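*Asks:* The primary structure of each chain is shown beneath.
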Amino acid sequence: MTTTSATATPAAPRGTPAAAPSARRGARAAALVQRHGTLIALLAVCAFGAIRYPEFATPENLLNVLRQNSMLGLVALGMTFVILTGGIDLSVGSLLAVGGVVAARLSPYGTLAAVAGGVGAAAALGLVNGAVVAKARIQPFIVTLAMMIAARGAALGATGEQSVRVDAGATGFAALGRGYTPIVLLVVAYATGWAALRYTRFGRYVFAVGDNEEAAKLMGLKVDRVTLGTYALSGALAGLAGIILAARLGAGQPVAGTGWELDAIAAVVVGGTLLTGGQGGAGSTLLGALLLGVTFNLFNLEGSITPWWQWVLRGGFLLGVVVVQNRLQGKVRRDG
Amino acid sequence: MSETTLAAVPRAGRRRLRLSGPTAGAAIALGVLVGANALLTPNFASAGNLWNVLLQVSTVLLVAVGMTLVISTGGVDLSVGSVMAIAGAVAATTLDRGIPVAIAAGLGAAAVVGLLNGVLIARFRIQPIVVTLATLIGGRGIAQVLSNDGELVPIDNPSFEFLGKGHLGPFPTQVVVAIVAVALGAFLLRATPFGRYVLAAGGNPAAARLAGVPVWRTIITVYVLSALLAGMAGLVEAAKLGASDAAKIGLNVELDAIAAVVVGGTALAGGRATVFGTVIGALIMQVIATSFNMLLVPYAWSLALKAGIILFAVYLQRPRRV
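For the protein sequence lines, the chains are A and B, in the order given. Just so we're aligned, residue 1 is where the first sequence starts under this note's numbering, counting upward by one. Just so we're aligned, residue 1001 is where the second sequence starts under this note's numbering, counting upward by one.
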């Protein structure tokens, strides 16, 4: 414990010169595990599940896992963009409720109107988040905390605290929550998000702002626009997740999505995106969300684990993952 | 209370009252709110109602004092609500061994969570928001498991319930507990080396370390204190309810506490703290909630206004560009 102290600077290796090559080999292994740790963990958990539970590796179960986690996956994707810029979005759960409620209300006017309305409303509120963060220079934590409270209030107020039934004739809307549709939406969203981060100017700007906002500004990047874009995107994806949830439940609920911001942050962190911004990506968040989802699925298959123990295990799992990530990072930095 | 007024910035020379600054702004806002309510809201200015405000604010205030210390080190403690639930559950399940045992066990369990938070944050250098998010999730589960898988654990013990229902002289016990916590917090922050360390660690941890401040110990202590105060709030809440309700006690209290702290003028980035400001912040939020209740304003609107007030208060304190 004492020799692996977490010094801020990359200190010189403490071992004797003779020990250096093996330390470097260790660091290389650590770097490999760090880079692909979530994938390795996901594969390990899946292998464990396949061996222990015969019903795990069935197409129905796996599709169900994907379907159930598609909504959190979408929210986590938006959160990834925000966190990559060094921000945070606590309002996603409330924006999810807004998206679902608006879409359910618009469902009699056609699926397109409902989806556009739900996504649009949530994106607009996300844009407000971004505008306040960028222009008023208030910390994202506070801005989105306020939006979390206000948007929840708006959803409750606009519905009179009742759920809004999806129009019975809106079969197209209901289909959004069933079959392969949520999975396709998830895959398309992640593919687009991944490509956007990698190959578009906006994506590179997101990394630049998260890495060093001042430097990005001095280079002439329109940092404010990047901020606006990421929060609007986070809102839009939360809205879309709300629509899928409303389609699955047959109603837009003003209390939907409570606490989802925490799950989304957990998925991002487990995936390996740093909360300080500038490092990470869409793919790792998808792995993080799936890892959490599969773990949950195994808890359910086990059957004897009560919901409360699941909470305990979830918290412990999250802590374990970040501690391991942190140790590996320290090792790469020290010995690499 | 005048000892604890205004920002705890290091000052040379005599103390003077600063009429500008975030805390003064919050104090003026509180004055305006109370004045307007006294005029406009029927029965607001009655003694019964004012006691009611104090009663309701006391648990949030306990948590918010700890949160002030945490935030002034540049951290945040999201786990306080779950810690409240754990302390309540532990106390309720150990109550048959006597009140001192129950209180010690409840606070002890809370302190363990705080120690875990502190060690992971200070020594493993994991971001406070991640660590305390994990203990928020896991802690709520532990509280439920402790109370026989999510059952309500009744407390049939008038002496223990004194903590939440009794009076010390004219004062309700929980208000006295909150006042003691505020006084202690203000004293720690302003008059002890520990308080200076807290602000130094929050202002610039690297510089503080080089200057010989025991940064690790300070940060760990701060999270333990936050957990202890949250644990105390959990005991009060359980005593008030007459039961430990692991699903409900302390739910979302972290948000109320953070709001009270930032509205009161403590900088979220760390390095500046005012316990007195936190008291004002907590009172502002409670006065709004109470008056909206009395005026029968829909819950939805009260949420929107609450959000607006948090934003406005923080907007006033944002760093000026030089």
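These aren't lab readings, by the way, just hints derived from the structure by calculation. From a predicted model like this one, the values you see are computed outputs, not experimental measurements. The C-beta atom is built at its ideal place from N, Cα and C for all residues, glycine as well. Honestly, I wouldn't trust all of these hints.
Computed footprint of chain A on chain B, listed as stretches where at least three residues anywhere in the stretch have a Cβ under 8 Å from a Cβ of chain A [stated by the list, open to error]:
(1) 1100-1111
(2) 1127-1134
(3) 1143-1151
*Asks:* Hint by hint, say whether it matches the structure.
*Replies:* For each hint, the structure was consulted:
1. Counting residues of the region 1100-1111 of chain B whose CB lies closer than 8 Å to any CB of chain A gives 0, so the stated coverage by that chain is violated, three being the minimum.
2. Against chain A, the region 1127-1134 of chain B contributes 6 residues with a C-beta closer than 8 Å to a partner C-beta. That satisfies the three-residue criterion, and the hint holds.
3. Coverage of the region 1143-1151 of chain B by chain A holds. Counting CB-CB distances below 8 Å, 4 residues qualify, and the rule asks for three or more.
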